[in-house]
Amino acid sequence: MDESIETIETRAASLVEDHVRLLRGLVKHRNDHKLSQDVIAERMGVSQPTVASFERYDANPTLATIRRYALAVGARLETHVVDDCSSHTDSAVGHGRSASKRGFTWPGTKSRHDQPLNNNAMIDLVIAGRQR
660 MDESIETIET RAASLVEDHV RLLRGLVKHR NDHKLSQDVI AERMGVSQPT
710 VASFERYDAN PTLATIRRYA LAVGARLETH VVDDCSSHTD SAVGHGRSAS
760 KRGFTWPGTK SRHDQPLNNN AMIDLVIAGR QR
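For the sequence shown, my numbering gives the first residue as 660, with consecutive numbering after it.
Simulated from the structure, these hints should not be mistaken for lab results.
For clarity, every value in this text was computed on a predicted model and none was experimentally measured.
Note that CB positions come from ideal geometry on N, CA and C, so glycine has one too.
Hints should not be assumed to be uniformly reliable.
Restricting the straight-line Cα-Cα distance to at most 20 Å, the calculated cross-link-like pairs of lysine to any residue (SDA-like) are [said to hold, decoys possible]:
{"id": "1", "residue 1": "K687", "residue 2": "E676"}
{"id": "2", "residue 1": "K687", "residue 2": "C744"}
{"id": "3", "residue 1": "K693", "residue 2": "D677"}
{"id": "4", "residue 1": "K687", "residue 2": "D677"}
{"id": "5", "residue 1": "K687", "residue 2": "S663"}
{"id": "6", "residue 1": "K693", "residue 2": "S712"}
{"id": "7", "residue 1": "K687", "residue 2": "E665"}
{"id": "8", "residue 1": "K693", "residue 2": "V675"}
{"id": "9", "residue 1": "K687", "residue 2": "E662"}
{"id": "10", "residue 1": "K693", "residue 2": "T738"}
{"id": "11", "residue 1": "K687", "residue 2": "E668"}
{"id": "12", "residue 1": "K687", "residue 2": "A700"}
{"id": "13", "residue 1": "K687", "residue 2": "D661"}
{"id": "14", "residue 1": "K693", "residue 2": "G733"}
{"id": "15", "residue 1": "K687", "residue 2": "T721"}
{"id": "16", "residue 1": "K687", "residue 2": "V698"}
{"id": "17", "residue 1": "K687", "residue 2": "G733"}
{"id": "18", "residue 1": "K687", "residue 2": "A731"}
{"id": "19", "residue 1": "K687", "residue 2": "D697"}
{"id": "20", "residue 1": "K687", "residue 2": "Y716"}
{"id": "21", "residue 1": "K687", "residue 2": "A729"}
{"id": "22", "residue 1": "K687", "residue 2": "E714"}
{"id": "23", "residue 1": "K693", "residue 2": "A734"}
{"id": "24", "residue 1": "K687", "residue 2": "E701"}
{"id": "25", "residue 1": "K687", "residue 2": "L736"}
{"id": "26", "residue 1": "K687", "residue 2": "A734"}
{"id": "27", "residue 1": "K687", "residue 2": "L722"}
{"id": "28", "residue 1": "K687", "residue 2": "R727"}
{"id": "29", "residue 1": "K687", "residue 2": "Q707"}
{"id": "30", "residue 1": "K693", "residue 2": "I725"}
{"id": "31", "residue 1": "K687", "residue 2": "I664"}
{"id": "32", "residue 1": "K687", "residue 2": "R726"}
{"id": "33", "residue 1": "K693", "residue 2": "T709"}
Simulated restraints, written as ranges between beta carbons of each label pair [claimed, not checked]:
{"id": "34", "residue 1": "R715", "residue 2": "K693", "range": "39 to 49 Å"}
{"id": "35", "residue 1": "V675", "residue 2": "A723", "range": "17 to 27 Å"}
{"id": "36", "residue 1": "T738", "residue 2": "Y716", "range": "37 to 47 Å"}
{"id": "37", "residue 1": "S695", "residue 2": "N719", "range": "18 to 28 Å"}
Full structure from sequences and hints, please.
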């Protein structure tokens with residue numbers, strides 16, 4: 660079953676918001692523990708301007724960089740995957756079915772939904788939805 664563009668935009672917005680909360684939470688943790696960017700840079704093996712760039716509102720660090728930053732500030736990350744596909748009643752995981760068999764196609768594309776969607780694509784989806 661195809662999902663509506665509104666469903667996809669809502670999911671994309673949620674993913675972006677989760678990313679922003681994660682980065683803000685890590686920076687807050689650093690500030691709460693009175694750790695300077697210089698200290699974090701030394702622990703990460705990077706320069707202070709690199710840490711400042713990581714902490715910018717428009718930063719888009721890799722998961723590996725986020726993990727290194729978390730380690731440097733003394734934080735653990737807890738992540739989990741939530742099945743947000745409303746088009747099925749039982750999970751594709753563990754039932755011998757591939758998630759790609761649900762027949763979902765991204766609007767405006769001919770590719771299956773199991774194609775990777777990077778952060779910029781998610782942000783573009785959210786922005787496009789808000790400009791309507």
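Each hint, compared with the structure:
The suggested pairing of K687 with E676 holds, with an alpha-carbon distance near 16 Å, which does not exceed 20 Å. Proposed proximity of K687 and C744 is contradicted: the alpha carbons are some 32 Å apart, above 20 Å. With a C-alpha separation of about 24 Å, the suggested pairing of K693 with D677 is violated against the 20 Å cut-off. Distance check on the hinted pair: K687 and D677 sit about 15 Å apart at the alpha-carbon level, within 20 Å; holds.
Among the hinted pairs, K687 with S663 is inconsistent with the structure: their alpha-carbon atoms are about 36 Å apart, more than 20 Å. For the given pair, K693 sits about 19 Å from S712 by alpha-carbon distance, which is consistent with the 20 Å threshold. Between K687 and E665 the CA atoms are separated by roughly 32 Å; this puts the pair beyond 20 Å, and the hint is violated. Using a Cα cut-off of 20 Å, the hinted pair K693 and V675 is violated, with the two alpha carbons roughly 27 Å apart.
A hinted pair counts as satisfied when its Cα atoms are at most 20 Å apart, and K687 with E662 does not qualify at roughly 36 Å. Straight-line distance between C-alpha atoms of K693 and T738 comes to about 25 Å, which puts the hinted pair past the 20 Å bound. Between K687 and E668, the direct Cα distance comes to roughly 28 Å. Violation of the 20 Å bound is thereby established for this hinted pair. The hinted pair formed by K687 and A700 meets the criterion: a straight-line CA distance of about 16 Å does not exceed 20 Å.
Only pairs whose Cα atoms come within 20 Å are accepted, and K687 paired with D661 is rejected, the gap being roughly 40 Å. Annotation: proposed proximity of K693 to G733 holds, straight-line Cα distance about 12 Å (limit 20 Å). Of the pairs offered as hints, the one joining K687 and T721 holds, with about 19 Å between alpha carbons and a cut-off of 20 Å not exceeded. Taken as a hint, the K687 and V698 pair is honoured in the structure, with Cα atoms around 15 Å apart against an allowance of 20 Å.
Restraint check for K687 and G733: satisfied, since their Cα atoms lie roughly 12 Å apart, inside the 20 Å limit. For the given pair, K687 sits about 13 Å from A731 by alpha-carbon distance, which is consistent with the 20 Å threshold. Using a Cα cut-off of 20 Å, the hinted pair K687 and D697 holds, with the two alpha carbons roughly 16 Å apart. Taking the CA atoms of K687 and Y716, the gap is about 13 Å. The hint holds against a cut of 20 Å.
Our distance criterion of 20 Å between C-alpha atoms is met by K687 and A729, whose separation comes to about 11 Å. A distance of roughly 10 Å separates the Cα atoms of K687 and E714; the hinted pair therefore holds under the 20 Å criterion. A distance of roughly 14 Å separates the Cα atoms of K693 and A734; the hinted pair therefore holds under the 20 Å criterion. For the given pair, K687 sits about 19 Å from E701 by alpha-carbon distance, which is consistent with the 20 Å threshold.
Annotation: proposed proximity of K687 to L736 holds, straight-line Cα distance about 14 Å (limit 20 Å). Note on K687 and A734: the hinted pairing holds, with a Cα-Cα distance of about 11 Å set against a maximum of 20 Å. Under the criterion of a C-alpha separation no larger than 20 Å, the hint pairing K687 with L722 is consistent with the structure, at around 18 Å. Between the alpha carbons of K687 and R727 the distance comes to roughly 16 Å, so the proposed pair stays at or under 20 Å and holds.
As the CA atoms of K687 and Q707 are separated by approximately 17 Å, the hinted pair is consistent with the 20 Å bound. With a C-alpha separation of about 19 Å, the suggested pair K693 and I725 falls inside the 20 Å cut-off, and the hint holds. Pair hint K687 plus I664 does not hold up; C-alpha atoms about 34 Å apart against a cutoff of 20 Å. Straight-line distance between C-alpha atoms of K687 and R726 comes to about 15 Å, which keeps the hinted pair within the 20 Å bound.
Distance check on the hinted pair: K693 and T709 sit about 18 Å apart at the alpha-carbon level, within 20 Å; holds. Evaluation of the 39 to 49 Å hint for R715 and K693 yields a failure: the beta carbon distance comes to about 21 Å. Checked against the given bound of 17 to 27 Å, the beta carbons of V675 and A723, roughly 19 Å apart, stay inside it. For the pair T738 and Y716, the beta carbons lie near 22 Å from each other, so the given range of 37 to 47 Å is not met.
A hinted range of 18 to 28 Å for the beta carbons of S695 and N719 is consistent with their spacing of about 23 Å.
When the structure is compared with the earlier hints, violations turn up for hints 2, 3, 5, 7, 8, 9, 10, 11, 13, 31, 34 and 36 and for no others.
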